[in-house]
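Novice: Modelling step: build the complete structure from the supplied sequences, incorporating the hints.
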Amino acid sequence: MGTSMSPTTSIDAAAVRRDFPVLSRTVHGKPLVYLDSAATSQKPEPVLAAMDAYYRETNANVHRGVYTMAAEATERFEAGRTAVARLVGAPREGTILTKNASEAINLVAWAWGVRELKAGDEILVTEMEHHSNIVPWQLVAELTDAVVRFAPVTPDGELDLEGLRGMVGPRTRMVALVHVSNVLGTINPVAEVAAIAHEAGALVLADAAQSVPHMPVDFGELGVDFLAFTGHKMLGPTGIGVLVGRPEILGSMRPFLGGGEMIRDVRKEGSSWNDLPWKFEAGTPPIAESVGLGAAVEYLEGVGMDAVRTHEREMARHLVDALSEVPDLTIYGPTDPDRRGAAVSFSLPGVHPHDLAQHLDQDGIAVRAGHHCAKPLMRVLGVPATARASAYLYNDAQDVEALLAAIGRARAYFS
Amino acid sequence: MGTSMSPTTSIDAAAVRRDFPVLSRTVHGKPLVYLDSAATSQKPEPVLAAMDAYYRETNANVHRGVYTMAAEATERFEAGRTAVARLVGAPREGTILTKNASEAINLVAWAWGVRELKAGDEILVTEMEHHSNIVPWQLVAELTDAVVRFAPVTPDGELDLEGLRGMVGPRTRMVALVHVSNVLGTINPVAEVAAIAHEAGALVLADAAQSVPHMPVDFGELGVDFLAFTGHKMLGPTGIGVLVGRPEILGSMRPFLGGGEMIRDVRKEGSSWNDLPWKFEAGTPPIAESVGLGAAVEYLEGVGMDAVRTHEREMARHLVDALSEVPDLTIYGPTDPDRRGAAVSFSLPGVHPHDLAQHLDQDGIAVRAGHHCAKPLMRVLGVPATARASAYLYNDAQDVEALLAAIGRARAYFS
Amino acid sequence: MGGLDDLYQELILDHYRNRRNAGQLDDPTVAVDHNNPLCGDEIHLELRIEGGRLAGVAHSGEGCSISQSSASMMSVALSDRTEDEALDLVEHFRRVMRGDEDADEERLGDAVALEGVAKYPVRVKCALLSWMAAKDAILTRRSEGG
Amino acid sequence: MGGLDDLYQELILDHYRNRRNAGQLDDPTVAVDHNNPLCGDEIHLELRIEGGRLAGVAHSGEGCSISQSSASMMSVALSDRTEDEALDLVEHFRRVMRGDEDADEERLGDAVALEGVAKYPVRVKCALLSWMAAKDAILTRRSEGG
Ligand SMILES: Cc1ncc(COP(=O)(O)O)c(C=O)c1O
Ligand SMILES: Cc1ncc(COP(=O)(O)O)c(C=O)c1O
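Protein chains in written order, with our numbering: chain A, 1 to 415; chain B, 1 to 415; chain C, 1 to 146; chain D, 1 to 146.
In short, the hints are calculated from the structure, not lab data.
Note that this is a predicted model, so its numbers are computed, not measured.
A portion of the hints provided could be inaccurate.
[Unchecked claim] In silico DSS-like pairs for lysine-lysine, Cα to Cα no more than 25 Å straight-line:
id	chain 1	residue 1	chain 2	residue 2
1	C	Lys119	B	Lys30
2	B	Lys268	A	Lys118
3	D	Lys119	A	Lys30
4	B	Lys268	A	Lys268
5	B	Lys30	A	Lys118
Specialist: Pasting the structure below:
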């Protein structure tokens, strides 16, 4: 592990870092080492500038206004959608702006599930899902007497594809799975799962909260019906998420949230719906947030998603290599950087993840400790919690070195 | 109508204006006269600064993080909630952050309505509701075979309280009404309606999107069970809204959106829920937006909600007086400034609201034209659309003079 | 009003004040209702189709000067065209409104005056309302009439 | 580790390494399970109540040094108290954790070492877990036992 990046990486991490104001802060007098991007990413200057400029220059409510400022606001708002659609190769009319990835999944669960699911129908998720891809299905199953089943994870933290295949059958109506696990880092074979599901006549939703920010993702290539992700993990602001859906399916669905914007006509006797994507956007949308997300997409495109992925593969390698040096430490998920993202969970006997995170914080290092919103997976792994270090395009090998040194100090403290 | 404010107003509008960067812009070479705050408000410097500082100084995901930055982020995020709760006299645990007012109403419609409503049950709204307080109920009624009924509006644009009383009966389960109409400006007697509804055993939801920003509102005094409002209309950012609910009722409700944050435990067999208010907040919340909304509340408190209301009563008077000078112009809603907010809708024979708004824009004046997301009310008024000028704490009598002069020019153009 | 001259030409105001082909037909082949959900503009459009030609076009409804004058101009421009010519012309007008094509004065007639609307995205929907209704009416007729 | 000394005092590490009253009781009057949903810490708490006194306190579960040592200290601090004394002490500890009161060393015993946790809001929940479980257990006993 050296201090300079591997030559296969075309990211100039030092230059990238300068674009992120928060990365120059200190914590307890130490420079911040931010290794929690799987929870939320930091934001580069152009994203902050775009949102600020929106409010200072042309803030107005969108879509309905005749006046100049409203037209300008609408243009900037819709440009955010266009950028997001472009990034994942999705049709604009199938690109719905929500408040976060969780709402995006709930949208499908409620708008499609509540009306389509019948008693005994099955929703298949996996044991490595984030709560956001479990609880909406449980809530809807409770209303419809459908059943939520969990496809197994192998002991080394990969999706058990054969196990999943065996669980897909005529009662399966929806297969909802995470593209990249926020705990294990595992990259799942979504296209294969989609083929299996479609053959059985089920729909497929991919939770791409941890993939879209970190690697090239193409909606068409994945072959899924729905793709959910979230702005704040991809250099964008909080308060915005995305549901991409196949327009034919979205078109045939009833709306979810009701309100302004999503209607064609409202009468006392009933209402009719606006065109896609607006049919699924009730009320004033996240306007400044879409502007910010658009700027985030442009930033990522500027770096290049291939370069981001290459960089993170290197970071995954650094993290796995470094953590493997620590005696007794257990890494969860694949160790092969080609099979994983740069979120690496681990545990250290005798040092509870909370205590570890607290100690690392003392050295300026931000890592996450806990169940990572994946309690069923924690039970499969047989641990109440793990520590997780997760990297993004602004991290470098020095961050990993700092982490390794601090883990050593924490270990000494508790032994 | 003079150029100086009435002495009863304790707002220094000129000083206030300087806090709003966008107000110094020009449109078509003319200084912006922003009279569309009922659609969305402009944002003062401290709100922009608070959000920007959040991202630059301490952005992290909230609630679950042990490290310093996560604790700081959580503190700033929750301080926004505390400020909002304080503003409307609500308990913190009953103050739920949503993405906008529409989601807040949908939350009640879906979480409470889908489970509680039975065939034949009635939801009573009024003819002056915004679509956001109609469509969610229609969608839920469709699923439950409940019925949505509309309490009448009088010819002069007030709620027909006796008419409403006659429609409340043993089948009424929910009375959902707007506190201040976004079209008519009418201030509804919410406390009286709440008493009528409660006597019949129904719950009451007030859509306070147009009241909380503009006047002192106290959750307890209103006597409602739920109060919905939205950040972007009260000097705050887009992407955040608020549902206030009585904790007993919220506590007995099933959750709405499922995901991270809102759970206590997730098991394959089922899940249990976090404490209020988080039980209703799925996924990463609008963190920066809460920080911004908190700053907006502090700004409003600094001015004083009584002063805001006094100022707007004067603005309503100016608007009504000025528009009354225009021959043939019809004003909708009460003309008595004590009975209305400062959103004033009107129509002018021979000049379609769209054409009027376009002409006014040419003079730098931003007003809204259309159905204002209140199509059932438009049908009651017998017009397809109206023009609407709406004022806020940064408007002054000169804005009204500019409006009046420009209306005169538009009239001449089309006659 | 210099800046608005693009939008409100004399021809537009003329069609707004004196709408051509306003009203109903005695014997329509097909009728459709369209509205612009964002602003409340509404149109009721009737076509009488004889031998594949638009022998009668009539419109009524409510709306702004742009949507009303556009309906009036559309009714003139499409009258007496074959269904295919009419569909082509609707498509041409749509592309003009999106800024994708220059207006062909010969085919559009007075409707060429609406070219300036393309600069005002919100108003484009007003201008298109009646033309989209015409397209819908023709396609409806075809799917029904075989 | 200077800055952490508040949080990780020697006493805390001692209770973490050697938990007092860890395990199960033979004959519990009441048992409760609590967990901290935000971090996964879990406690199983058993009380034996004799003549209104906490004659036995035992705890088991998983968690960080703060929650584990706090459970150990709690078990010592509450042992042999009357129910009311125990509830008062839990309330006192809760107020100390919220920064509303100074710690009363005489009543809290070793648990006074946890005072510094108040500065770390996220960890306060770890420290409180076992104490809240104790309160719940006593109240449960009362509502059941009459
Ligand atoms: C009376 C009223 N209710 C509800 C809303 C909806 O608010 P939002 O668009 O923020 O959901 C609005 C504003 O558009 C409104 O004026
Ligand atoms: C895999 C995965 N899915 C879904 C989510 C939920 O995203 P959000 O909190 O923005 O709704 C997250 C992040 O928390 C995640 O990591």
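Novice: Quick one, are Lys268/B and Lys118/A close enough, alpha carbons at most 25 Å?
Specialist: holds, 20 Å
Novice: Below or equal to 25 Å on CA atoms is what counts here, so check Lys268/B against Lys268/A.
Specialist: violated, 42 Å
Novice: Below or equal to 25 Å on CA atoms is what counts here, so check Lys119/C against Lys30/B.
Specialist: holds, 19 Å
Novice: With the threshold set at 25 Å, check whether the alpha-carbon distance from Lys30/B to Lys118/A stays at or below it.
Specialist: The given pair, whose Cα atoms are some 60 Å apart, is violated under the 25 Å limit.
Novice: What's the verdict on Lys119/D and Lys30/A, does the C-alpha distance respect the 25 Å limit or exceed it?
Specialist: Distance of about 19 Å is within 25 Å: holds.
The structure shown violates the earlier hints numbered 4, 5.
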